[in-house]
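Protein chains in written order, with the numbering used here: chain E, 1 to 414; chain S, 1 to 130; chain L, 1 to 328.
Heads up, some of the hints might be wrong.
Derived lysine to any residue pairs resembling SDA-like cross-links, with alpha carbons at most 25 Å apart [to be verified]:
(1) E/K184 - E/N293
(2) L/K233 - L/E149
(3) S/K41 - E/V164
(4) E/K184 - E/D154
(5) S/K21 - E/D139
(6) L/K286 - S/T24
(7) S/K104 - E/K184
(8) L/K230 - L/P3
(9) S/K21 - E/R149
(10) E/K40 - L/K210
(11) S/K110 - E/G83
(12) S/K30 - L/K286
(13) S/K110 - E/R163
(14) S/K30 - L/K230
(15) S/K21 - L/G40
(16) L/K210 - E/D50
(17) E/K107 - E/D296
(18) E/K184 - S/P35
(19) L/K230 - E/V164
Rough simulated footprint, nothing fancy, chain S against chain L, three-plus residues with beta-carbon under 8 Å [said to hold, decoys possible]:
(20) 26 to 40
(21) 279 to 290
These aren't lab readings, by the way, just hints derived from the structure by calculation.
Glycine included, every Cβ here is placed at the ideal spot set by N, Cα and C.
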Amino acid sequence: MSDDVDKRREESAGLMEYSAENLVPFGPIHPSLKEPEYFKIILEGERIVDVIPRIGYVHRGLEKAAEMRPWIQNMYMFERTCGICSFVHSLCYGQAVEGLTIFQVPKRAEYIRLIICEMERIHSHLLWVGLMGHWAGFDTLFMWVWQDREVVLDLVEAISGNRVHKSMNAFCGVRRDMPQGMEKHIVERMKFMTDRARYYREIIDTEETMLERTQKVGAHVTQDTVEKLCAVGPMARYVGLRQDVRLNNPYAAYGEVPFEIVTRTEGDVQALLRLRLDEIIASANMISYAVENLPDGPIKVKIPPVIPAGEHSSRCEAPRGEIFYYVKSTGGRTPDRVKSRQPTLANLPLALEILKGQTLADVPVVLTAIDPCFGCMDRMSFLDTEQNKQWTWSGEQLRQYGIKHYFPDRKDKA
Amino acid sequence: MLPHRKVGAAIPEMFRVMLEKPTTEAYPYKKIDLPDRFRGKLDIDPEKCTGCSVCALVCPASVITMIDLGKRKVGDRELPVKRPIFELASCIFCGECVDNCAFKALEMSKQFELATPDRDSLTMKKALPK
Amino acid sequence: MIPEVLEAIIFPGALYTIGMGFLFDWLDRKTSARMQGRIGPMIAGPYGTLQPLADFIKLLFKEEIIPSHADKLVFLFAPALFFMAPILSMLFIPIISPTSIAGFQFDILAILFLLGFSAFVVSILSFSSASSFTTVATGRLVLQYVSYEIPLVLSIIAAALCSRSLSVEGVVGAQTKIWNVFLAPIAFCVFIVAMMAELEKAPFDIPSAKTEIVGGWLTEFSGRALAFLKLTKEVSYVFGCALAVSLFLGGPLGPILSFGVPVSILYFIYFTIKILAVGFVIFVLKTSLTRIKIGQATQLFWKILTPLSLCQILLILILIQGGLIVAT
Chain E
1 MSDDVDKRRE
11 ESAGLMEYSA
21 ENLVPFGPIH
31 PSLKEPEYFK
41 IILEGERIVD
51 VIPRIGYVHR
61 GLEKAAEMRP
71 WIQNMYMFER
81 TCGICSFVHS
91 LCYGQAVEGL
101 TIFQVPKRAE
111 YIRLIICEME
121 RIHSHLLWVG
131 LMGHWAGFDT
141 LFMWVWQDRE
151 VVLDLVEAIS
161 GNRVHKSMNA
171 FCGVRRDMPQ
181 GMEKHIVERM
191 KFMTDRARYY
201 REIIDTEETM
211 LERTQKVGAH
221 VTQDTVEKLC
231 AVGPMARYVG
241 LRQDVRLNNP
251 YAAYGEVPFE
261 IVTRTEGDVQ
271 ALLRLRLDEI
281 IASANMISYA
291 VENLPDGPIK
301 VKIPPVIPAG
311 EHSSRCEAPR
321 GEIFYYVKST
331 GGRTPDRVKS
341 RQPTLANLPL
351 ALEILKGQTL
361 ADVPVVLTAI
371 DPCFGCMDRM
381 SFLDTEQNKQ
391 WTWSGEQLRQ
401 YGIKHYFPDR
411 KDKA
Chain S
1 MLPHRKVGAA
11 IPEMFRVMLE
21 KPTTEAYPYK
31 KIDLPDRFRG
41 KLDIDPEKCT
51 GCSVCALVCP
61 ASVITMIDLG
71 KRKVGDRELP
81 VKRPIFELAS
91 CIFCGECVDN
101 CAFKALEMSK
111 QFELATPDRD
121 SLTMKKALPK
Chain L
1 MIPEVLEAII
11 FPGALYTIGM
21 GFLFDWLDRK
31 TSARMQGRIG
41 PMIAGPYGTL
51 QPLADFIKLL
61 FKEEIIPSHA
71 DKLVFLFAPA
81 LFFMAPILSM
91 LFIPIISPTS
101 IAGFQFDILA
111 ILFLLGFSAF
121 VVSILSFSSA
131 SSFTTVATGR
141 LVLQYVSYEI
151 PLVLSIIAAA
161 LCSRSLSVEG
171 VVGAQTKIWN
181 VFLAPIAFCV
191 FIVAMMAELE
201 KAPFDIPSAK
211 TEIVGGWLTE
221 FSGRALAFLK
231 LTKEVSYVFG
241 CALAVSLFLG
251 GPLGPILSFG
261 VPVSILYFIY
271 FTIKILAVGF
281 VIFVLKTSLT
291 RIKIGQATQL
301 FWKILTPLSL
311 CQILLILILI
321 QGGLIVAT
């Protein structure tokens, strides 16, 4: 680890004339992080030499807890993995379990799932644009964008009853139907949302101080770096890669509703702002189309509480990127293994790569630009603070360590 | 065509917003109106509850406990009489109990201000006989 | 002598300045809230007017925590020095008459010294609380001070040249025919921008950037020290607006109406209207701009504002030679 730091110090020696080395602890509690994670930033003057992360502060053990609950109760638990992408989590888990059964999801339920998914995407992107404004110092943009976000939240509340945890998903269907007579209202609100997204696009393109904070920040990232670091979602689309689960592997009703993928090529933070605002406009169009062409039919198919044995996986496009769920069943009332991989875990190495060579003022901007959700992504991490070591263990090594720790007198290593 | 860069691009909108009514409400002093489907605090109608225990089986948060209240005779069989009590402090407001109650005894009201200094006041025992 | 001391302490001296500081804080929060679509302070006092006073009193009652590596003497007593500088400077500004309470012939130089002195005290304060955030903040603070100082001094000199006098009373007195803002408009704009950097208002609130270095140089302060530091920032704001009004907008001068109202009340009303107008301009600019990076702020001051203010001084010298500006 220290050789890397020396190498970076040599590389950046020509960039700044300061010679003092400073270590700024970013987190775990910091005004610019929504959720706690620890980033050790090594500075020289104002220039960043290295960023060393340490994760695991909000790990809740959801995958283990899922093994002890019945299938339908896990739907509610995985919905609470994250507040902003909660519907997509329960949708992905539901699709993974539905793949093990023989039942099909009715068409109307798929359209309703698409509508709620896209509303959640608009809500998440608006939240993100506001947070970018706040952490760059532009409080006015933050307040305005969050007021417009209330429009989408009111729509979600009228449909599902709650602003955040929608609880709309059930296996092979949705729990509640759309309310009667809301189509015109939804289409008109989507038009309002499109106009506001265009206005914010204009502000971030012309406001001089905002441009100085976001243009050319992190522009040294190329398509190769992004592909090698396996970034997903908007972090892959902002350098020009056409990676979107809705396009490559359509689920729910995405195969039928017309969909345009949004990509940009500049590769800096301003490209991310433009990309997410354009995605809001694309989502609003999709919602208007789906609401006007909603097919008739049942919304739910009743399935037995015992899921047949097998394993299945499912991918969905959350607002932050690609979510992946793997489910294994042995024919009982509870799952045998559930694994979920969230998009922030894939995007975090890219954020640390972007930060090298930038200044301290760019840290909140770049860390927010990947749209982090540390509550979703957290994993256990192994570290020894006295010797400053970090390492990883496989599942079998962890199991052996647990046996050694809890049963020190046991002779057999079964 | 590159957009023209200027300082203070947000100023016209700022003046327009200043002359309109603010969008925030003076919350504790004004009531908020909620949509019909709002899922607030749980409420039970004791007349309709028969003690079938389906709500306790489906609750994901183990909020509902069935209390044994004795037995009753139906024909020549003896059936147990049970009634639920609710620990509303643990409720996650999902609405599974409401959807699964065959007698429509449960509903979610529009009350959402549940903060209280006394935890026992959130245990709902309305379904138990006096 | 006694009436002068009372004037200096109560009105229009220290207590008046502190009261105006609270009023500016309330106006700042209320107008930026309305421009953002919110309500702003509304509970303490009618329409929230007593909110800044309530914040100040609350902070006085809080516990003071001093970091273990900090320099205790500077930590506890330098805020008092920082507080004295703008209060003392306000005594040189004429408010209720064309003469001020403590003015003398070269008091613009005293004001320049006090501006530099308060920046120096802030650097010492920031350096004495030894934590990693404040070290970064000290670097940013000194860099920003070095950048804005020159355009600020040059624009003040431009105003003094227009009026051919180095005392604030003299500058005010020379604006009876025409205000300096029409003779030196570029200097006025440069002065406003440099003043925003001195007061650390957006886009120049870089040394106390809340979301990057937690609190900047204010991070480790709590309790009474924090209360007085925040009050000093408000009082400096009032002083900055008052200086702009005196040097460029004619101070308390205005048309004298002759229906029996005492002249000092008229002067006071004109002065208050003018500083509220300048304050409003700074509120609007502050709400509509983002914080920029320190490298970009330095470039702005050295590459754009310093040459502009030098050009302005050249223009004024040409106008003086051409006889368009005469000494009164």
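Here's how the hints hold up against the structure:
This hinted pair checks out: E/K184 and E/N293 have alpha carbons roughly 12 Å apart, not beyond 25 Å. Distance check on the hinted pair: L/K233 and L/E149 sit about 18 Å apart at the alpha-carbon level, within 25 Å; holds. Straight-line distance between C-alpha atoms of S/K41 and E/V164 comes to about 16 Å, which keeps the hinted pair within the 25 Å bound. Proximity of E/K184 to E/D154 is assessed by CA-CA distance (about 15 Å); at most 25 Å being required, the pair is judged to hold.
A hinted pair counts as satisfied when its Cα atoms are at most 25 Å apart, and S/K21 with E/D139 qualifies at roughly 19 Å. Proposed proximity of L/K286 and S/T24 is supported: the alpha carbons are some 22 Å apart, at most 25 Å. A threshold of 25 Å between alpha carbons decides the hint, and for S/K104 with E/K184 the separation of about 32 Å lies outside it, so the pair is violated. Taking the CA atoms of L/K230 and L/P3, the gap is near 30 Å; set against the 25 Å cutoff, the hint is violated.
Between the alpha carbons of S/K21 and E/R149 the distance comes to roughly 18 Å, so the proposed pair stays at or under 25 Å and holds. Using a Cα cut-off of 25 Å, the hinted pair E/K40 and L/K210 holds, with the two alpha carbons roughly 19 Å apart. A threshold of 25 Å between alpha carbons decides the hint, and for S/K110 with E/G83 the separation of about 21 Å falls inside it, so the pair holds. At roughly 31 Å between alpha-carbon atoms, S/K30 and L/K286 are farther apart than 25 Å, so this suggested pair is violated.
A threshold of 25 Å between alpha carbons decides the hint, and for S/K110 with E/R163 the separation of about 14 Å falls inside it, so the pair holds. Under the criterion of a C-alpha separation no larger than 25 Å, the hint pairing S/K30 with L/K230 is inconsistent with the structure, at around 33 Å. Of the supplied pair hints, the one linking S/K21 and L/G40 holds, its CA atoms being roughly 13 Å apart against a limit of 25 Å. Note on L/K210 and E/D50: the hinted pairing holds, with a Cα-Cα distance of about 22 Å set against a maximum of 25 Å.
Among the hinted pairs, E/K107 with E/D296 is consistent with the structure: their alpha-carbon atoms are about 8 Å apart, no more than 25 Å. For a cut-off of 25 Å, the pair hint linking E/K184 to S/P35 stands: about 17 Å separates their Cα positions. As the CA atoms of L/K230 and E/V164 are separated by approximately 38 Å, the hinted pair breaks the 25 Å bound. Coverage of a stretch by a chain is defined here by at least three residues with a beta carbon nearer than 8 Å to that chain's beta carbons; for the region 26 to 40 of chain L and chain S the count is 8, and the condition holds.
Given a C-beta distance limit of less than 8 Å, the hint that chain S covers the region 279 to 290 of chain L holds, as 5 residues qualify and 3 suffice.
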